[in-house]
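Given the coordinates of chain Y, assemble chain D onto it according to the supplied hints.
What follows is each chain in one-letter form.
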Amino acid sequence: MEFDRSIIGREYDRADSEAVVAEELIAFAKAVGETAPCYTEDGPDLVGHPTFCLRYRGRKFFPDNLPKGLLGRMSFDAGKDLDLGVPIRPGDRIHVSSCVHDLYEKTGRSGSMSFVVVRFTLTNQSGEHVATIDNRMMYR
Amino acid sequence: MSKTFDAIEEGDELETRVLFLSKDQVRAFARATGVDFPRFTDDEGARKEGLPGMIAPGNMSMGLLTTFIETWAGTGSLRRLGSTFRGLVLPDQEFHLCAVVTEKDEAARTTELDTWMESSDGERVVIGTATVSFD
Numbered sequence: 001m002e003f004d005r006s007i008i009g010r011e012y013d014r015a016d017s018e019a020v021v022a023e024e025l026i027a028f029a030k031a032v033g034e035t036a037p038c039y040t041e042d043g044p045d046l047v048g049h050p051t052f053c054l055r056y057r058g059r060k061f062f063p064d065n066l067p068k069g070l071l072g073r074m075s076f077d078a079g080k081d082l083d084l085g086v087p088i089r090p091g092d093r094i095h096v097s098s099c100v101h102d103l104y105e106k107t108g109r110s111g112s113m114s115f116v117v118v119r120f121t122l123t124n125q126s127g128e129h130v131a132t133i134d135n136r137m138m139y140r
Numbered sequence: 001m002s003k004t005f006d007a008i009e010e011g012d013e014l015e016t017r018v019l020f021l022s023k024d025q026v027r028a029f030a031r032a033t034g035v036d037f038p039r040f041t042d043d044e045g046a047r048k049e050g051l052p053g054m055i056a057p058g059n060m061s062m063g064l065l066t067t068f069i070e071t072w073a074g075t076g077s078l079r080r081l082g083s084t085f086r087g088l089v090l091p092d093q094e095f096h097l098c099a100v101v102t103e104k105d106e107a108a109r110t111t112e113l114d115t116w117m118e119s120s121d122g123e124r125v126v127i128g129t130a131t132v133s134f135d
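Order-wise, the sequence lines are chains Y and D.
Numbering follows the numbering used here, with no gaps: position 81 of the first sequence is 81.
Numbering follows the numbering used here, with no gaps: position 54 of the second sequence is 54.
It is worth saying that the hints were derived from the structure and are not from the lab.
Backbone N, C-alpha and C define an ideal beta-carbon position, used for all residues, glycine too.
A couple of the hints might just be wrong.
Pair ranges (Cβ atoms, derived) [stated by the list, open to error]:
#, chain 1, residue 1, chain 2, residue 2, range
1, D, Phe20, Y, Arg5, 33 to 41 Å
2, D, Val35, Y, Phe115, 17 to 25 Å
3, D, Val35, Y, Leu70, 21 to 29 Å
4, D, Thr4, Y, Asn65, 44 to 52 Å
5, D, Asp24, Y, Arg55, 17 to 25 Å
6, Y, Arg55, D, Gly76, 43 to 51 Å
7, Y, Pro44, D, Gly50, 44 to 52 Å
8, Y, Ser126, D, Phe37, 18 to 26 Å
9, D, Arg109, Y, Leu71, 46 to 54 Å
10, Y, Ala22, D, Glu49, 32 to 40 Å
11, Y, Arg5, D, Thr41, 37 to 45 Å
12, Y, His129, D, Ala108, 16 to 24 Å
13, D, Leu51, Y, Pro44, 39 to 47 Å
14, D, Glu94, Y, Gly9, 39 to 47 Å
Isolated chain Y (complex conformation) (with noise of 0.2 Å):
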């Protein structure tokens, strides 16, 4: 398949959040078996699970540019990779910059693969890194 890789690294959504409450952090650490009292107990010591930052995805998932012959395929969550900067706090806002990092093909036993890496880029009200999280979809 003909990519446009023209679309690579461009943004394509940004958004803001809501401030984070303490419930939140408290509710998604203790439904991944954490324990540990700066995930789980309110108080100011209390961060987010290094992996809280992953329900952050911006408006949209795609961009509207996405190549049309990935259309009506079926699609499938292949993977993540996360690279983390500083805990997500209660009373932060996180801003989410989205663009496409990367596309590509593979072959496989199973015939043909296309791959969007969509990326999303968080930082806080402060513009420090919290997290940035690439998300490799499948396409058949």
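Same frame as chain Y, now just chain D:
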């Protein structure tokens, strides 16, 4: 008690964590993260999407692996986690959370891990690599 950097050697295997993942845990996670779609909450709804039953979100598997790694290395120690979702994580069964130290960087005081989540029939449904830092 988490591991100290000096006590770690390349090739060390983390003590495997055996976890029974219930459907209620998956539903709680889906609610907590705003992804309470049928595929993550209800067998019938998942089957309508062509799945064999409700599944756990990939993000939940990453969360479980992170908790497992940070229990070994200490809270706040994870710097990077890369994961590949190779199979469906079908709840109401036991999973094994596993990892091995593949590299130790004395100067940076970091370790690299291979990590994976294995179903009760031995299938590695999630595999990944992680970077962990130590004080």
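task = Taking the numbered hints from earlier one at a time, note which ones the structure violates and give those numbers from smallest to largest.
result = As far as the earlier hints go, 1, 6 and 8 are violated by this structure, in ascending order.
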